[in-house]
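Trainee: Model the full assembly from the supplied sequences, consistent with the hints where possible.
2 protein chains.
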Amino acid sequence: MNNFDFKIPTDIRFGKGKISCLKEELGHFGKRILLVYGGGSIKKNGIYDEVMQQLDGFDVYELSGITPNPKLETVRKGTAICKEQNIDAILAVGGGSTIDASKHIAAGACYAGDPWDLVLDRSKVKEALPIAVVLTICATGSEMNSGAVITNEETCEKLEINTPLLYPKLSICDPTYLYSLPPKQSAAGSVDILSHVMEQYFQPNDEAFITDVLSEGVMKTVVKYGPIVMEDPKNYEARSNLMWASTVGLNHLLTVGKGGAWSVHPIEHVVSGCYDLTHGVGLAILTPVWMEHVLGDGTKSRFARFAREVFGVKVDDDMTAAKEGIKKVREFFLLLGMPSTLSEVGIDDSKFEFMAKEAIRTSGLSTRAYVKLDENDVMEIFKKCL
Amino acid sequence: MNNFDFKIPTDIRFGKGKISCLKEELGHFGKRILLVYGGGSIKKNGIYDEVMQQLDGFDVYELSGITPNPKLETVRKGTAICKEQNIDAILAVGGGSTIDASKHIAAGACYAGDPWDLVLDRSKVKEALPIAVVLTICATGSEMNSGAVITNEETCEKLEINTPLLYPKLSICDPTYLYSLPPKQSAAGSVDILSHVMEQYFQPNDEAFITDVLSEGVMKTVVKYGPIVMEDPKNYEARSNLMWASTVGLNHLLTVGKGGAWSVHPIEHVVSGCYDLTHGVGLAILTPVWMEHVLGDGTKSRFARFAREVFGVKVDDDMTAAKEGIKKVREFFLLLGMPSTLSEVGIDDSKFEFMAKEAIRTSGLSTRAYVKLDENDVMEIFKKCL
Numbered sequence: 004m005n006n007f008d009f010k011i012p013t014d015i016r017f018g019k020g021k022i023s024c025l026k027e028e029l030g031h032f033g034k035r036i037l038l039v040y041g042g043g044s045i046k047k048n049g050i051y052d053e054v055m056q057q058l059d060g061f062d063v064y065e066l067s068g069i070t071p072n073p074k075l076e077t078v079r080k081g082t083a084i085c086k087e088q089n090i091d092a093i094l095a096v097g098g099g100s101t102i103d104a105s106k107h108i109a110a111g112a113c114y115a116g117d118p119w120d121l122v123l124d125r126s127k128v129k130e131a132l133p134i135a136v137v138l139t140i141c142a143t144g145s146e147m148n149s150g151a152v153i154t155n156e157e158t159c160e161k162l163e164i165n166t167p168l169l170y171p172k173l174s175i176c177d178p179t180y181l182y183s184l185p186p187k188q189s190a191a192g193s194v195d196i197l198s199h200v201m202e203q204y205f206q207p208n209d210e211a212f213i214t215d216v217l218s219e220g221v222m223k224t225v226v227k228y229g230p231i232v233m234e235d236p237k238n239y240e241a242r243s244n245l246m247w248a249s250t251v252g253l254n255h256l257l258t259v260g261k262g263g264a265w266s267v268h269p270i271e272h273v274v275s276g277c278y279d280l281t282h283g284v285g286l287a288i289l290t291p292v293w294m295e296h297v298l299g300d301g302t303k304s305r306f307a308r309f310a311r312e313v314f315g316v317k318v319d320d321d322m323t324a325a326k327e328g329i330k331k332v333r334e335f336f337l338l339l340g341m342p343s344t345l346s347e348v349g350i351d352d353s354k355f356e357f358m359a360k361e362a363i364r365t366s367g368l369s370t371r372a373y374v375k376l377d378e379n380d381v382m383e384i385f386k387k388c389l
Numbered sequence: 004m005n006n007f008d009f010k011i012p013t014d015i016r017f018g019k020g021k022i023s024c025l026k027e028e029l030g031h032f033g034k035r036i037l038l039v040y041g042g043g044s045i046k047k048n049g050i051y052d053e054v055m056q057q058l059d060g061f062d063v064y065e066l067s068g069i070t071p072n073p074k075l076e077t078v079r080k081g082t083a084i085c086k087e088q089n090i091d092a093i094l095a096v097g098g099g100s101t102i103d104a105s106k107h108i109a110a111g112a113c114y115a116g117d118p119w120d121l122v123l124d125r126s127k128v129k130e131a132l133p134i135a136v137v138l139t140i141c142a143t144g145s146e147m148n149s150g151a152v153i154t155n156e157e158t159c160e161k162l163e164i165n166t167p168l169l170y171p172k173l174s175i176c177d178p179t180y181l182y183s184l185p186p187k188q189s190a191a192g193s194v195d196i197l198s199h200v201m202e203q204y205f206q207p208n209d210e211a212f213i214t215d216v217l218s219e220g221v222m223k224t225v226v227k228y229g230p231i232v233m234e235d236p237k238n239y240e241a242r243s244n245l246m247w248a249s250t251v252g253l254n255h256l257l258t259v260g261k262g263g264a265w266s267v268h269p270i271e272h273v274v275s276g277c278y279d280l281t282h283g284v285g286l287a288i289l290t291p292v293w294m295e296h297v298l299g300d301g302t303k304s305r306f307a308r309f310a311r312e313v314f315g316v317k318v319d320d321d322m323t324a325a326k327e328g329i330k331k332v333r334e335f336f337l338l339l340g341m342p343s344t345l346s347e348v349g350i351d352d353s354k355f356e357f358m359a360k361e362a363i364r365t366s367g368l369s370t371r372a373y374v375k376l377d378e379n380d381v382m383e384i385f386k387k388c389l
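Line order of the protein sequences matches chains P and U.
Using the numbering used here, you'd call the opening residue of the first sequence number 4 and step up by one each time.
Using the numbering used here, you'd call the opening residue of the second sequence number 4 and step up by one each time.
Keep in mind that the hints were calculated from the coordinates and are not lab data.
All values derive from a computational prediction rather than experimental measurement.
You can take every hint at face value.
Put simply, identical chains are the same to the list, so a pair is met inside one copy or across any two.
Cross-link-like lysine-lysine pairs, in silico, PhoX-like; alpha carbons within 20 Å at most:
1) Lys172 - Lys129
2) Lys172 - Lys10
3) Lys375 - Lys360
4) Lys19 - Lys237
5) Lys10 - Lys26
6) Lys303 - Lys375
7) Lys86 - Lys34
8) Lys187 - Lys237
9) Lys46 - Lys19
10) Lys330 - Lys386
Mentor: In C-alpha cells:
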C-alpha cells in the first residue's frame, strides 16, 4: 500500500430539502456572490427559484451559459466579473462543467494574469475565492474534490487544474434535483462515475486491498442503479445512491494506497477537447476498446476480478472471465443508450494522429499508466473505435 | 437513503516514515505540548524516541499511564496539567484509549468545571485544544472521528462524548508502528473494527446500498487480514490494510444514509465499564450471541447477505445462510484467539441485572436499535454468554 495523505475539507449536505441551509452557510463567506450556472434548465425545473429564495439579502451577480467542456473564454468572463464587482464567493449551481468553471474562476479572481497561466502552472495558484455548490448533475465528483478540467479552444487543449485551494467549502446534494435530468445526461453521468472508479482500480498496485474492495462497492452501485434511473427518473433510492457514488467515486478515497496515471480519461479529454463531445459519451466509446487493447497475461487476473466482483461473472478461467467482463461493460453502456463508435457521433480519422500525440504529451499514459501506451497504441485504440 | 451531513476535517498522513511531518505540523498549533501515552510500550519499541526527536524545540509535558477503558481520574489529571501549564495542543501517542482520554482532556482544558460534566451534557463543550495523534494501535477509529469513550469508576459508567470539536487535527498512521503489538491487542483490534462496521451495517434502512457495499468491503478486509497479522506481525500489506480499515470503519463514511442506534457496543460498554475487560474481548463474546438473539424472519435476509458477502457463504436459503454466517463470525473470533464466554474472563452473573438495566438506560437499545431490546433481552444475552 503506497503512502498517502488524506484530507477533504468539503462540507457535504446530502438529501432532500438540504437547500434550506444555503442562506446561513453562504453567509459565512460574505454578501457578494457570483452565481454560476449552465444553459438555463435550472429555470425550468424550479431549482433557480429555490436558490434565489435562499439568496435573498445577498448581492448576486450572474454568469450563465456554462457549457459542457467549459471554456477558457467563460472563465475569463467570470474572472472579470469577480474582479470588477469584488465578489466574496462563488455559488455553482450545476454539474461538473459548472463547478469546474467556477473553480477556475475562483482561482483566476485572485490572480493578476490570464487564468490559463494557472492551468499550465498550478504553483501560481496562491489563493482562491470560496466555492459553494448546489449539485444538479451527478457525474464528475467535482463537488468534493480539488480538480477542474478546462478547455482552451484556441489551442484545442483540455487540461486539469488541481490544488487543495479548489475544494468546494460547501456542497448541497439533493437527489430530487436530478429528477428532471435528460436521459442522456443521466446515462453519461453513470458512465463517468464508473469510468472514474475504473481508472483508479486498474493500477499496478495490488496491495491496497481495502481501496479495491471499496471501489468494487461503488462500481456495483453504478451497475445496479444506472439502468434504474433510465426507466424511473424519480426513483429516490437510485438517484441518491448514484449521487453519493459520484462523490465518493472521485473524492480521493478510491485512490489512497494506489496511485499511478489514468488511461482512458486523457485519451477522451483530447477527443472532447477537439470535438466538444459529451465526456461520458467519449468514455463509453473508448473504455471497452482500451480494455481489449491492454488485456494480456499481466492484466488478466485484475480484469477477471473486476468481472466477477462488479458484474457477477462466474467463470473460473481468468482470461475467459476478463473477456466476459469487457462484454458486460459494453452491454452496460448500450443499456444506458450510449453510442459505441466514434462514427456514430460524427468523428472520423482526420485528427487521430494529432489527438494521439496530444494524449501522450498531456498525460502520464506513456510513463505511469496501468499499461503504458505510446502514440501507436492510442492510434490503434482510435481506429478500433471508428 | 436518510439525509446526512458529512465533513471530516482530520488531516491523515498514512504510511511508513510519516512521523517526519510531525515537527512542522505540530508547530502550527503552538509550542507547549501535552504528550499523552499509555503504559510505556512506546519506550520499548522506539516510537517514543522517534516522537521526541520531532518534539525537539517544543515545551513538552507528559501524561503517561493511560489505561484501556480510560478513566475520568486520568482525564482530570490531564486537564489540570493543561490549565497549569498553558498547554497549546495535545499529542496522543497510542490507540483508542489514549486518543479518547486526550480528546476529553482537550475539551476539559477549556472548561471551568469538572470534565465529567461534558460527558453528561455535550452542549457544554464550547471549545477544545487541538489534538494530534500518532497511532500505535488500530481498532477504534478515534484517529479520524469526534467521539471519545470515558469510564467513571465511581459510578461504574462508561459513556461517550462526541462533538465536532474533538476531531483530531492531524493523525499520523504508520503501519510499521503496529509491528510490535502484543497478539492479544492485534486480535482485539480486528474484533473492534469488524464490530464497528457490523453496528453500522445491521440497521433498519436498506436503501443506502452504497454504504452497505462499502461496509462489506471493509469487513472483507478485516476477515482477510486479521488472521494474517496473528501469524506474521510484520506483514506490511496486512497491517496497512487493517490500519486504514480501522479509520474508514468509524469515520462516518459507513453510517451515511443509514443511522439508528448500535446494539452490541452499549451492552459491552457496561460490561467493560464494570469489569475493566478489554473492549474487543467483550465484543467477541457478545456479538455472536446477539446475532443469534435477534435473528428472525425480519432480519434473516440481511444476515444472509452479510454471510454471503463478507464470509463467502454459498447457500440459497436465507435462514440457513444467516446461521452459517453466525458460525463463521464465531470461528473468526476463535481463530484470533478470542475467548467465547464471560466465564473464561472471570465474569459471573452477579451484576447481570444491574448491567442489563444500565445498558438500556444509557443507550438507544430499546428505542432505535436494529432490533429493539429490553432488559430481559439483555439478561438473556448475558446468560447465553456465561
